[in-house]
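Asker: Read off the chains here:
There are 4 protein chains.
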Amino acid sequence: MDFNHSPRCQELIDQVRAFIRERIEPVEAELLPAMLAGSAGGDWTKWQVDPKIEELKAEAKALGLWNFFLHDDERGAGLSTLEYAPLAEEMGRSHLAPQIFNCSAPDTGNMEVLWKYGSEEQKQQWLEPLLEGKIRSVFFMTEPDVASSDATNMEATIVEDGDDLVINGKKWWSSGVGDPRCEIGIFMGVSNPEAARHSQHSMVLVPMTTPGVVIKRMLPVFNTFDAPEGHGEVWFENVRVPKKNMILGAGRGFEIAQGRLGPGRIHHCMRALGAAEKGLELMIKRGNSRVAFGKPLIKLGGNQERLADLRIAIDQARLLTLYAAWKIDNVGALSALTEISAIKVVAPNVLQNVVDAAIQIYGGAGVSNDTPLVAMFAMARALRLADGPDEVHRGLIARVELAKYK
Amino acid sequence: MDFNHSPRCQELIDQVRAFIRERIEPVEAELLPAMLAGSAGGDWTKWQVDPKIEELKAEAKALGLWNFFLHDDERGAGLSTLEYAPLAEEMGRSHLAPQIFNCSAPDTGNMEVLWKYGSEEQKQQWLEPLLEGKIRSVFFMTEPDVASSDATNMEATIVEDGDDLVINGKKWWSSGVGDPRCEIGIFMGVSNPEAARHSQHSMVLVPMTTPGVVIKRMLPVFNTFDAPEGHGEVWFENVRVPKKNMILGAGRGFEIAQGRLGPGRIHHCMRALGAAEKGLELMIKRGNSRVAFGKPLIKLGGNQERLADLRIAIDQARLLTLYAAWKIDNVGALSALTEISAIKVVAPNVLQNVVDAAIQIYGGAGVSNDTPLVAMFAMARALRLADGPDEVHRGLIARVELAKYK
Amino acid sequence: MDFNHSPRCQELIDQVRAFIRERIEPVEAELLPAMLAGSAGGDWTKWQVDPKIEELKAEAKALGLWNFFLHDDERGAGLSTLEYAPLAEEMGRSHLAPQIFNCSAPDTGNMEVLWKYGSEEQKQQWLEPLLEGKIRSVFFMTEPDVASSDATNMEATIVEDGDDLVINGKKWWSSGVGDPRCEIGIFMGVSNPEAARHSQHSMVLVPMTTPGVVIKRMLPVFNTFDAPEGHGEVWFENVRVPKKNMILGAGRGFEIAQGRLGPGRIHHCMRALGAAEKGLELMIKRGNSRVAFGKPLIKLGGNQERLADLRIAIDQARLLTLYAAWKIDNVGALSALTEISAIKVVAPNVLQNVVDAAIQIYGGAGVSNDTPLVAMFAMARALRLADGPDEVHRGLIARVELAKYK
Amino acid sequence: MDFNHSPRCQELIDQVRAFIRERIEPVEAELLPAMLAGSAGGDWTKWQVDPKIEELKAEAKALGLWNFFLHDDERGAGLSTLEYAPLAEEMGRSHLAPQIFNCSAPDTGNMEVLWKYGSEEQKQQWLEPLLEGKIRSVFFMTEPDVASSDATNMEATIVEDGDDLVINGKKWWSSGVGDPRCEIGIFMGVSNPEAARHSQHSMVLVPMTTPGVVIKRMLPVFNTFDAPEGHGEVWFENVRVPKKNMILGAGRGFEIAQGRLGPGRIHHCMRALGAAEKGLELMIKRGNSRVAFGKPLIKLGGNQERLADLRIAIDQARLLTLYAAWKIDNVGALSALTEISAIKVVAPNVLQNVVDAAIQIYGGAGVSNDTPLVAMFAMARALRLADGPDEVHRGLIARVELAKYK
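Residue numbers (my numbering), protein chains in the order written: chain B, 82 to 487; chain Z, 82 to 487; chain Y, 82 to 487; chain U, 82 to 487.
In short, the hints are calculated from the structure, not lab data.
A couple of the hints might just be wrong.
As the list makes no split between identical chains, a pair holds if one copy fits it or if it spans any two.
[What the hints assert, rightly or not] Here are the simulated DSBU-like cross-link-like pairs (lysine-lysine), alpha carbons at most 30 Å apart as the crow flies:
(1) K376 - K485
(2) K325 - K380
(3) K127 - K376
(4) K142 - K376
(5) K325 - K376
(6) K133 - K251
(7) K142 - K366
(8) K133 - K380
(9) K487 - K127
(10) K251 - K142
(11) K380 - K485
(12) K215 - K133
(13) K127 - K324
(14) K251 - K197
(15) K485 - K133
(16) K127 - K297
(17) K142 - K297
(18) K324 - K485
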């Protein structure tokens with residue numbers, strides 16, 4: 082057992098940390114207030130990407146700080162899940178960083194799907210420009226009219242018709258769909274309703290310009306729209322794509338979804354923990370700088386105990402996430418079900434608790450947008466629902482546990 | 082000991098409940114989506130009050146459903162704090178209701194101050210139009226540059242100069258200041274810096290049109306601006322008002338603040354509990370109507386236990402708030418310090434927990450504005466800071482407890 | 082709504098409080114160490130009741146401080162459930178007090194059953210000596226071989242045979258059965274297995290001297306046996322009693338059990354809250370008297386916040402219990418299901434939390450028997466299981482809540 | 082980063098696990114009921130060690146399953162702290178196991194002290210027989226009359242007098258002092274009252290037979306005495322030992338205490354986690370085997386969610402403890418302050434929570450001694466106080482955290 086990062090991993094951590102501090106943070110300080118304000122409403126069809134973001138991307142790419150997430154020596158950085166994890170944590174401290182290093186959801190998951198399961202043609206057409214950071218993508222899974230915590234509830238359909246697949250249904254929480262750079266979506270729907278429960282669904286590539294793809298509205302998360310990416314409600318009305326847009330094969334949607342989720346949860350959780358570290362730092366700095374009743378706030382009442390509990394919680398969550406990553410790399414995601422579900426419960430809740438405590442120290446400033454805390458809170462709260470709500474993951478862990486005594 | 086409401090109180094509860102359901106809720110259903118969307122950004126100087134709101138106010142006033150909060154038989158409804166409490170709970174279920182019955186913060190507290198401590202001239206000029214619902218008001222207390230949890234940190238100044246008082250300082254979280262109907266503010270600042278610690282501050286009436294009163298910006302709460310009332314950051318630069326605008330007398334600001342806070346906390350807490358009841362109702366209805374893994378969501382995992390815990394928490398918080406109200410009425414706010422601080426901790430936390438659980442049942446819809454849950458969450462989270470953060474109230478309770486054994 | 086106790090109730094509270102402080106506490110200080118030590122093991126058949134206890138009983142009885150629990154003007158004190166509740170709280174501060182005032186479980190419940198449902202002959206034979214404090218009693222309900230949280234699991238049988246009832250089965254947690262004064266038990270078992278689910282059981286009076294009643298062992302609770310009362314495992318092997326020992330009628334066991342449980346839970350919960358107040362007092366006194374790092378322990382870290390939270394928790398639990406009592410008196414236990422289950426969850430947990438915090442302040446002394454904290458902890462922990470575990474009560478509350486929206 | 086145990090470590094884990102299951106558990110099943118019952122009271126001077134225990138020790142020793150804790154290739158097993166940790170977890174599942182492998186507190190800590198700081202003569206006289214398992218030992222630190230959470234409160238004295246050291250003071254919670262095999266104690270007291278705050282104390286070896294060493298009584302923990310080891314209150318009245326019994330040198334007591342505590346906390350925490358795993362196993366097995374309302378208990382209400390949360394908590398605590406062990410080995414205990422304090426808070430609380438949940442599933446049996454749960458609970462609860470209460474450790478973590486921003 083060894084808790085040291087590999088030398089290469091440690092070097093990348095240092096480079097990423099330095100790039101964020103020196104190159105990204107100044108831009109973020111400049112852009113974020115306008116992004117948060119603009120993100121709070123208005124006409125999403127006018128959303129723009131600031132050119133400074135593309136400049137930073139080019140700079141990071143030139144330095145080789147790019148596509149860390151992909152386990153491919155040529156197309157990506159060739160890191161293991163475990164090696165990528167601390168980089169994701171570093172990126173989680175910043176709003177912009179994941180995108181700058183071409184490591185932001187949902188693109189990462191979509192690229193992994195194409196890399197693992199895409200045909201050569203699909204890779205050429207969509208994976209390459211995504212890996213180059215030229216386009217962005219969206220994943221159409223969650224539906225507004227059913228409880229999506231049970232994926233078998235899905236109602237959208239994919240029907241063969243001649244050389245085409247005809248797609249119908251309503252999706253929402255399609256993140257990134259508002260981005261002017263978003264060109265391609267992966268759509269999941271029922272293609273084989275008569276098959277076994279987990280073989281009824283397929284995934285299909287749908288270019289955003291396909292007729293019948295209608296973005297009905299953008300959805301706010303705690304009143305913010307996360308412009309310019311956004312979270313859309315998208316309706317599909319007799320949308321036609323060629324059969325070759327099917328990924329892997331009809332009925333293999335759940336198989337693909339499983340492959341997509343393991344590493345993706347590591348990414349989400351490590352980013353959440355990076356944000357939690359940032360939140361703790363903010364809490365301490367503010368608590369040290371403001372005085373009440375003759376003492377810095379952080380020294381009053383139970384604040385130091387709360388601080389200690391949050392430190393303990395973050396450290397435990399990080400170790401569990403790293404362990405889950407190690408299991409994915411060494412025994413596979415299927416043998417790491419408990420750990421993957423566990424971190425999915427733990428990390429977002431840790432972040433939510435840290436942010437709640439930091440807000441409490443900040444007072445009114447904490448609920449405004451003068452700090453990134455509200456944005457972090459929205460991230461945490463949404464993450465407790467995304468990719469399966471806490472309760473579903475607890476249920477899965479319990480099932481594994483009970484099975485040990487069968 | 083008797084837990085029945087008085088017959089008059091019960092009758093008013095029934096009337097208020099019916100008026101909310103029959104008259105206010107339909108208007109709210111129509112106006113709220115636009116209010117929430119509009120409230121998320123844009124130019125606050127263009128905020129408008131929908132005429133339907135003034136129509137509802139006139140209707141409620143005509144029915145005598147008006148000014149319940151004021152313990153004055155002629156000017157108000159003549160109810161005790163305890164009798165008003167359940168009416169505040171009913172109003173808390175609705176976003177618009179408090180205003181419709183002329184029972185919304187910060188007007189209620191400001192009217193109480195004027196009623197208790199105002200001169201005859203001050204009452205004529207400002208209390209009467211407030212009681213009639215013709216104008217609205219604001220309270221200038223919290224400051225951006227100091228920890229306001231310790232009110233003695235206050236830096237704003239009130240200096241005598243001939244027949245005038247000259248006011249300088251920065252205030253924020255001045256709720257209601259964005260409302261086009263807002264005409265008058267009560268400003269608290271340091272007037273007697275050499276006096277004893279709690280005799281240094283005064284409260285002064287400042288008409289919003291006074292030169293030097295500058296609204297710098299509106300502050301979002303979890304990205305929403307609560308239009309058209311809003312929460313402002315307001316700077317006072319050599320603002321001059323006549324000496325007769327002083328309330329009660331120089332150095333008596335804390336005395337007034339204390340008188341203002343006791344009943345105000347009852348109002349806040351009962352409204353929070355009304356919102357909590359609404360949140361629980363939403364949680365149950367959604368949990369009954371959506372199905373996953375073959376069962377309504379509410380029957381899955383620990384959801385029923387959570388539901389029970391929330392029911393217990395609400396019922397306990399309500400009884401404690403009613404008891405605090407009874408103590409205020411019967412032995413005075415000073416003898417009810419523990420209870421007033423206790424409910425100020427409990428009720429907002431109960432609301433936050435209910436809303437968090439309801440969001441979890443709603444899934445994605447819960448973090449959007451398709452439900453009032455996000456608005457309720459912002460209310461709860463801000464209330465844990467307003468009027469003293471949780472920690473200050475816990476500290477006060479501990480002091481009282483320790484004093485019992487001295 | 083009025084939170085004042087009735088004058089008579091207040092007078093009794095004062096008398097009981099004074100009697101406990103002046104008469105019982107000195108005896109308790111003398112007897113308790115030996116009781117706790119002796120209770121930890123040894124031969125239960127040699128358990129004795131100290132004559133000082135009978136002397137105190139006689140004294141209390143002579144002063145009319147007796148049988149407060151019984152709503153009967155002649156046989157008892159004629160107090161309502163609500164009026165009795167604060168007396169139970171006072172008694173809960175002391176280990177011996179409930180017995181001294183003839184208000185200790187399980188006698189109170191058994192006396193209520195006989196008073197409400199017993200025949201004249203049953204009352205003469207058993208109720209009268211119990212009311213006089215001459216004998217004690219036991220309730221045979223819980224069984225070792227089934228999950229007793231579901232009362233319909235019960236396996237013990239009651240079979241008619243000529244003029245007799247023949248009883249078989251195993252019971253445990255039969256509290257009080259080790260007391261040398263214990264003469265009578267109420268036994269619940271299946272008498273009508275073919276009847277509807279809640280009409281299969283009966284309750285029967287079984288004198289302790291009846292052949293076939295075998296006390297197999299006494300059960301420790303956190304290693305203590307609560308001598309001289311004790312909690313027994315008792316086996317019934319072809320135990321014969323005359324048919325007239327049936328209470329109310331065959332198949333009416335659940336009906337009786339329901340009648341027994343409502344007020345009994347009020348008693349348990351108020352005693353638990355009295356113990357919680359005592360625990361809080363101990364915590365504060367110790368926290369004030371010991372110094373570490375230059376300050377009294379109670380002023381260190383989060384201790385004052387914890388203290389405040391416990392004060393809030395106790396006050397809320399008390400109000401909810403009083404409200405439940407008021408509902409039992411005014412609308413009946415069936416309409417107070419939510420409240421009765423709610424306090425059954427809340428009060429023991431509050432006590433457990435208070436005791437845990439007090440132990441933490443006491444350090445090593447807290448886990449020894451140098452304080453009553455360990456005994457209070459055992460009381461709290463057992464009470465979370467007795468009369469239905471927390472989870473069953475939460476389930477019941479949820480059912481009531483869901484039924485509101487059917 | 083690598084989460085695999087070393088091959089040697091894994092082999093030892095397997096051997097220890099097998100030995101516990103095959104050799105220790107049958108003996109434990111036979112001895113434990115009598116130990117628990119006997120431990121509940123009676124005359125401690127008659128406590129005996131069952132010969133089966135010495136037989137098992139001899140057997141383990143012969144197999145080389147012995148002294149795992151000592152980082153010495155010759156005297157001990159030569160394992161690192163990290164390698165020993167999983168062995169401690171295995172031992173924690175059993176009441177007897179730590180002693181059988183000569184790895185039980187307080188002997189392990191005392192042996193470490195002698196190994197690191199003892200003179201050659203001290204090693205010959207006391208370390209060797211301890212390593213051989215021939216004698217046992219005790220550590221005299223905590224005092225009854227002061228808050229021992231602040232070690233500088235210590236009042237016991239060590240005074241030079243000619244060739245002797247004269248010792249006076251009261252100690253309690255001296256674990257193991259009741260064991261008939263206990264021959265030697267390490268005593269900490271004030272020797273240099275004029276020195277700097279952390280240089281005033283020394284540690285001295287005191288044979289149990291030295292005149293003036295008086296065992297006043299054994300202290301129960303939740304009513305049990307942990308016979309035959311016991312926890313004593315011991316008074317020292319002019320106890321004389323030769324100067325050569327001083328360890329390391331006058332004034333170096335805190336230095337020794339620090340060296341003793343780091344690895345000791347790893348041991349305690351891993352044993353606690355082993356016990357937690359055992360508790361979880363018991364909870365699941367009972368929850369599967371008992372039925373209520375038509376389902377196994379474990380499937381009712383929120384039980385599966387609780388189970389999942391406990392699994393998550395145990396796994397996180399284990400990883401954090403292993404990480405702390407790794408830091409001790411690689412960067413030293415001083416650089417692992419946060420982690421050592423963190424696990425000291427986390428692990429006992431996890432065990433307490435697991436046991437509480439398991440008791441709730443067991444019902445009445447859970448609070449009796451029909452299961453080891455009560456014993457585990459006492460272990461957890463005492464461990465939250467021993468070696469510094471939770472609050473002190475949280476305070477230390479906060480201090481380290483705040484220092485990062487100085």
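Asker: If a hint holds in the structure, say so; if it doesn't, say that too.
Answerer: Here is what the structure says about each hint:
no.	hint	in the structure
1	K376 - K485	between (53 Å within a copy, 19 Å between copies)
2	K325 - K380	neither (63 Å within a copy, 42 Å between copies)
3	K127 - K376	neither (48 Å within a copy, 42 Å between copies)
4	K142 - K376	neither (47 Å within a copy, 49 Å between copies)
5	K325 - K376	neither (67 Å within a copy, 38 Å between copies)
6	K133 - K251	neither (35 Å within a copy, 35 Å between copies)
7	K142 - K366	neither (33 Å within a copy, 50 Å between copies)
8	K133 - K380	neither (41 Å within a copy, 50 Å between copies)
9	K487 - K127	neither (58 Å within a copy, 45 Å between copies)
10	K251 - K142	neither (36 Å within a copy, 46 Å between copies)
11	K380 - K485	between (46 Å within a copy, 15 Å between copies)
12	K215 - K133	within (15 Å within a copy, 50 Å between copies)
13	K127 - K324	neither (33 Å within a copy, 52 Å between copies)
14	K251 - K197	within (27 Å within a copy, 58 Å between copies)
15	K485 - K133	neither (53 Å within a copy, 33 Å between copies)
16	K127 - K297	both (15 Å within a copy, 27 Å between copies)
17	K142 - K297	neither (35 Å within a copy, 41 Å between copies)
18	K324 - K485	neither (43 Å within a copy, 51 Å between copies)
Checked against the numbered hints listed earlier, the structure breaks hints 2, 3, 4, 5, 6, 7, 8, 9, 10, 13, 15, 17 and 18; every other hint is satisfied.
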